[in-house]
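Given the sequences, and given the hints that come with them, work out the whole structure.
Single-letter residue listing:
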Amino acid sequence: MRALALIVISMCTALAPAAAAAQDAAELRKQIEELQKQLDAVTDRLRKLEAQPPPPAPAGAPTPTTAPAAQAQPPAAATPSAMDVVRPRQPFGLYQQRGAGQLLFDIGITGDFVGNLTQRNVEKAQGGTFSGQENRFFPREVELSLFGQIDPYASAVVRIEAGEEARGQETPISLAEANVTLLTLPYGTQAKFGQMRNRFGYSNEVHEHDLAWVDRPNVMRNFFGPEGLVEKGMEATLVPDLPFYVEALFGLFNGDNETAFGRGSLQNPLYTGRVRTFFEIGDAHGLQVGMSVAGGTNEDKLSTTILGWEGRYKYRPDGWLHPLLTVTGEGLYSMRKAPVGVDTDQDGIVDRVDKRSRNHSGWYTAVEVQPFRRWAGGFRYDWSQYPSNPGWEWAIEPYVTFWPSEFLRFRLAYKHTDRSPQTREAFNLNGGSARLVDELLFQGTFILGAHPAHPF
Amino acid sequence: MRRVILLLITALVVSAASAPGASAADKIRVVATIPDLKALAEEVGGKLVDVEALARGNQNAHELEIRPSLMLKLRRADILLENGLDLDTWAEVVVQGANNPNIARGAPGRVDVSRGIQVLEVPSTRVDRSMGDVHPLGNPHYSLDPGMAPIVTQNIVDAFARFAPDRRADFERNRQTFLSRLDEAMARWTQTMAPFKGSKVVVYHPQWIYLLTRFGLSQAATLEDRPGIPATPAHLTRIIRQMKEEQIKVIVVEPWNDMKLAGRVADEAGAKAIVLASMVGGVKGADSYIAAIDHNVNALAQALR
Chain E
1 MRALALIVIS MCTALAPAAA AAQDAAELRK QIEELQKQLD AVTDRLRKLE AQPPPPAPAG
61 APTPTTAPAA QAQPPAAATP SAMDVVRPRQ PFGLYQQRGA GQLLFDIGIT GDFVGNLTQR
121 NVEKAQGGTF SGQENRFFPR EVELSLFGQI DPYASAVVRI EAGEEARGQE TPISLAEANV
181 TLLTLPYGTQ AKFGQMRNRF GYSNEVHEHD LAWVDRPNVM RNFFGPEGLV EKGMEATLVP
241 DLPFYVEALF GLFNGDNETA FGRGSLQNPL YTGRVRTFFE IGDAHGLQVG MSVAGGTNED
301 KLSTTILGWE GRYKYRPDGW LHPLLTVTGE GLYSMRKAPV GVDTDQDGIV DRVDKRSRNH
361 SGWYTAVEVQ PFRRWAGGFR YDWSQYPSNP GWEWAIEPYV TFWPSEFLRF RLAYKHTDRS
421 PQTREAFNLN GGSARLVDEL LFQGTFILGA HPAHPF
Chain B
1 MRRVILLLIT ALVVSAASAP GASAADKIRV VATIPDLKAL AEEVGGKLVD VEALARGNQN
61 AHELEIRPSL MLKLRRADIL LENGLDLDTW AEVVVQGANN PNIARGAPGR VDVSRGIQVL
121 EVPSTRVDRS MGDVHPLGNP HYSLDPGMAP IVTQNIVDAF ARFAPDRRAD FERNRQTFLS
181 RLDEAMARWT QTMAPFKGSK VVVYHPQWIY LLTRFGLSQA ATLEDRPGIP ATPAHLTRII
241 RQMKEEQIKV IVVEPWNDMK LAGRVADEAG AKAIVLASMV GGVKGADSYI AAIDHNVNAL
301 AQALR
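The listed protein sequences correspond, in order, to chains E and B.
Residue 28 in the working numbering sits at position 28 of the first sequence; the count goes up by one each step and never skips.
Residue 61 in the working numbering sits at position 61 of the second sequence; the count goes up by one each step and never skips.
Honestly, I wouldn't trust all of these hints.
[As the list claims (entries may be wrong)] Distance condition first, Cα-Cα at most 27 Å in a straight line; then the derived DSS-like pairs of lysine-lysine:
1) B:K272 <-> B:K200
2) E:K314 <-> B:K284
3) B:K284 <-> B:K47
4) E:K314 <-> B:K73
5) E:K301 <-> E:K337
6) B:K200 <-> B:K244
7) B:K260 <-> E:K314
8) B:K272 <-> B:K284
9) B:K284 <-> B:K73
[To be verified] Over the 12 Å line for every Cβ pair with chain B, so calculated as not near, a few chain E residues:
10) K30
11) I32
12) L39
13) G168
14) R221
15) M234
16) T259
17) T344
18) S361
19) G377
20) P390
[To be verified] Here are the in silico distance ranges between beta carbons for each label pair:
21) E:F279 <-> B:A194: 50 to 58 Å
22) B:E52 <-> E:D300: 47 to 55 Å
23) B:D267 <-> E:L117: 42 to 50 Å
24) B:D86 <-> E:V400: 28 to 36 Å
25) B:T190 <-> E:G148: 38 to 46 Å
26) E:D438 <-> B:S130: 37 to 45 Å
27) B:S130 <-> E:K37: 52 to 60 Å
28) B:D86 <-> E:R120: 48 to 56 Å
29) B:D267 <-> E:P317: 19 to 27 Å
30) E:A178 <-> B:T190: 54 to 62 Å
31) B:E52 <-> E:P452: 17 to 25 Å
Everything labelled a hint here was simulated from the structure, so no lab data went into it.
All C-beta atoms in this analysis are idealised placements derived from N, C-alpha and C, irrespective of residue type, glycine included.
What follows is the structure in structure tokens.
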């Protein structure tokens, strides 16, 4: 009996998968038949659609005004087969074609090469405009820009750059900017978040290769460092619906800039603000003026506030392709709290630490004349104190610019810098001296691919 | 300082919300990148629209100075009409400064009126900038051909009707009225240009191909070495020789280009340099679409005579 039961169980065990397989096959057959039916329905629908007459031409399009070229119809796109219709598609592709072989975003590369010649003692002291790179020709900024729409609501910019920062070292690659702009906010507002060049004054937002001069103005370098103010955080702008143009900006950032702030924390954030407006006197004259503020905490855990004023005037005679005269100016005023040791009893020992405000300022003005489309000449005058050290410097930089085409530019400049005697200690490295600096500067810049138009 | 900034921002927000034009206006506020589109939009929209242009007629529409005053024009726009085909890419920078979601890329108010145009001079080979400032999508100056107006105005009607569906019939009626006038003018222009069919002309910048093709003329050469690249003396010498050999009588110049240079070349070649309206308002009297084409046809015919 036990043996019989075992045989029955064994048979059942052996037959069960076969029965299940048969059931699966029947199920599959049913599904294939179902799919076949769907395929037939789609094919039938396609045939019907193809058989329909084309839609009527828009009413009122008169035949005499139809262009001869328009009469030649473009070749019809190949009709998709039924399999093309039902075949699964890739939901997202990085490279998809738009029109005549374009990407879904724009790509541009700019190369900015700089050379400078100066005195040996300036090189020793590393007191030239490009500190540590005196008497060298080097790639200052080679930048890959990717920009475009993310979706209907936002656009993005990513800039990756490489530049030689010191002689004999490899060229590091870094993220220059990566930010998203929300374009569809209400009440004339727009928001941007990520890493960005801050819209503080006129020149800070401008990349090195787009500046009207070989180097960033002295006051901007002294107050914000050689790269200018580049921060991570968010900015919001408001353009109110007024009869004249006003843009107000508010920003909140980490405060990573080591020269002016440096706490690098949202616990002690850097806030920025800017208001700018524009006056147009006829079609030929345009004047933009603005005021900016940046306030945060410096490395001494004390506050720093920097105020900025800007002005930019352009005169473009009617019908000219370029401005004949451009005048630009910016001024900065820094209020930096710093700890100062006080020796109350004159015994040579600091008795207490006071917080003192060190207020310093600087400004520049630049004039450019462009009588011909391909040639421009001008000069920049700089005067600046140092935000942390005593003393001041002034500089004058005449230059000439030549554009063989819109995408290639050469610039030659001479720069004379004169630093006050108090600053000598700050520029006497390695036994050199950089109190008086004379430099011959050369710049070659190219653009490959897309490059957005420049604002005013 | 923080208080001052906060107060300022608050004041601006309040003024933005309470500004008199901020509520719905009676007319559709339209901004066109170039005056030709402004003129056509006015014909279609009539009294139902208020149209402004960003570029002026005597400017080079390829490269416009991005002034904040242009952003102000777009600040309240319901619709932005773009020429497209990479002519007015600068408009994107203006839009970004205007903080107006109605005309952000992809919004219904952002309209590329080149849709449906049979584009000429579309590169059939790989292009790069060694060829100058080429347009990879083809020549964008289709608005100079009155034969393209039916397509452009149809696109404008569709754009306006998306914004005001109940006024579609009005827009269509305006369009038909305009096209009737254009038809009459077209008959006149065709007759005027008929004797010059097959004539060759030299142009300063290659932006006249649509107009020339319309009336059976051909472009023999350009004064620019390549698009956007100034002529070299050797190139000009070649042009002068070609003009003499082929008995070319006319150099067509844009209002924004170097008329003196064109005049010198024309003198050397025994030809005439004439300024045509590269856009509505480009020359005196060309203050409507039909008037601009009128000027161009008459000036061309007179010079070819």
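task: Run the structure past the numbered hints and jot down the numbers of the failing ones, going up.
output: Those not satisfied: there are none.
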